[in-house]
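Novice: Here is how the chains run, residue by residue.
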Amino acid sequence: LETVPTIKKLRAYAERIRVAELEKCLSKMGDDLPKKTRRAVDDLSRGIVNKILHGPMQHLRCDGSDSRTLTETLENMHALNRMFSLET
Amino acid sequence: LETVPTIKKLRAYAERIRVAELEKCLSKMGDDLPKKTRRAVDDLSRGIVNKILHGPMQHLRCDGSDSRTLTETLENMHALNRMFSLET
Amino acid sequence: PKKQELISHLKAGKNFLRNQDPEKAFTEFQIALELARNTKDLIEEKKAARGLGASLQRQGKYQEAIKYHNMVLGISKRAGESSGNTEAYGAIADCYTELGDLEKAGKFYDKYIARLED
Amino acid sequence: PKKQELISHLKAGKNFLRNQDPEKAFTEFQIALELARNTKDLIEEKKAARGLGASLQRQGKYQEAIKYHNMVLGISKRAGESSGNTEAYGAIADCYTELGDLEKAGKFYDKYIARLED
Chain B
1 LETVPTIKKL RAYAERIRVA ELEKCLSKMG DDLPKKTRRA VDDLSRGIVN KILHGPMQHL
61 RCDGSDSRTL TETLENMHAL NRMFSLET
Chain C
1001 LETVPTIKKL RAYAERIRVA ELEKCLSKMG DDLPKKTRRA VDDLSRGIVN KILHGPMQHL
1061 RCDGSDSRTL TETLENMHAL NRMFSLET
Chain E
2001 PKKQELISHL KAGKNFLRNQ DPEKAFTEFQ IALELARNTK DLIEEKKAAR GLGASLQRQG
2061 KYQEAIKYHN MVLGISKRAG ESSGNTEAYG AIADCYTELG DLEKAGKFYD KYIARLED
Chain A
3001 PKKQELISHL KAGKNFLRNQ DPEKAFTEFQ IALELARNTK DLIEEKKAAR GLGASLQRQG
3061 KYQEAIKYHN MVLGISKRAG ESSGNTEAYG AIADCYTELG DLEKAGKFYD KYIARLED
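Chains as they are written, first to last, in my numbering: chain B, 1 to 88; chain C, 1001 to 1088; chain E, 2001 to 2118; chain A, 3001 to 3118.
Worth double-checking, as some hints may not be accurate.
When the alpha-carbon atoms are kept at most 25 Å apart in a straight line, the in silico BS3-like pairs for lysine-lysine are as follows [said to hold, decoys possible]:
#1 Lys28(B) with Lys2014(E)
#2 Lys3002(A) with Lys1035(C)
#3 Lys3107(A) with Lys1051(C)
#4 Lys24(B) with Lys2011(E)
#5 Lys3061(A) with Lys3104(A)
#6 Lys36(B) with Lys2002(E)
Hints are computed from structural coordinates only; laboratory data are not their basis.
All chains, please: the whole structure from these sequences, using the hints.
Specialist: Structure (structure tokens):
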């Protein structure tokens, strides 16, 4: 459960990147985009973020039933906090 | 230096995701895409991946001049190996 | 014409959200929700519900935000298509985290994580 | 017409790469490189060089691959625009990693990492 706030922060971190890059992309593509294109680009941005986050997110939610898993999960959390500066 | 192969594997991991999602996106967008659009979408996919990877990559390359940094860098490496299944 | 009005309110709501004005965004999404319901447009109804949830979340009204994110899940069920569900599960979990209910947050993050690979 | 021929060879090269046929890809990119040089088209020349590097890398010819990835960096300098450089630095580092020269690989990864935020 201690890892839950990290999940929230990591999600927010990635979402900021996704939105910023998506807006950059849309501004390059001009205004009258077909809806299909707009949708495909949005799906692309979500697909990449979600698939990259899947592993780390999963490893923040090991159920902690044995101690090794719990220790590892906390180590994963600390590493993610460091690598994405999630505590500042 | 022990972390160098992890950088390579993490890059390859993210690149596989990027290419797969990009191809999905392009196939949805149809054939006669304007070059500008094609380029914007490619940049989007690279932008998201690069910006997400920046933190972890940096934390695999701390120069290890003091022992705390080296220990942490190795912990980051182990966590990344676990979270992205990079050793299999 | 109805549809165009609906879409322009959704767009206005999104712009207010982007410009850090969640109160005004909420009003726009409320009008959009009403219009979408009148025209039985499930896809736009879902977008309005998501917008309402996001607007409340930005105002720190987490309990109410959860209601609207749950509405997204309900609309998906009725529409038989699950777009936006991953995000809704994540948002509900974020709200529970803010409310300090980490147990519930964890349960919703699990649903969220299970959908990340789709 | 020249330009179209050039582009079709680049496309063919990419397709061979995608279909795990790096030898055939190499040939296509070679022709493309030649055509790009004749027409002094730096942008397409860069794409051809990158393709050649990737083709050799897939064949395990890392030393030669580095040559072409370096060519990408050289073309960027001549053209005064750095698109593709991040990727080239990363690819060169990957090659050195494969060759067991972790010291050099680290140096190129540092250049790669420094550009990830641009």
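Novice: Decide, hint by hint, whether the structure agrees.
Specialist: Hints, one by one, checked against the model:
1. Our distance criterion of 25 Å between C-alpha atoms is met by lysine 28(B) and lysine 2014(E), whose separation comes to about 20 Å.
2. The hinted pair formed by lysine 3002(A) and lysine 1035(C) meets the criterion: a straight-line CA distance of about 18 Å does not exceed 25 Å.
3. Annotation: proposed proximity of lysine 3107(A) to lysine 1051(C) holds, straight-line Cα distance about 20 Å (limit 25 Å).
4. A hinted pair counts as satisfied when its Cα atoms are at most 25 Å apart, and lysine 24(B) with lysine 2011(E) qualifies at roughly 18 Å.
5. About 17 Å separates the Cα atoms of lysine 3061(A) and lysine 3104(A), which keeps this hinted pair within 25 Å; it holds.
6. A distance of roughly 21 Å separates the Cα atoms of lysine 36(B) and lysine 2002(E); the hinted pair therefore holds under the 25 Å criterion.
Of the numbered hints given earlier, the model fails none.
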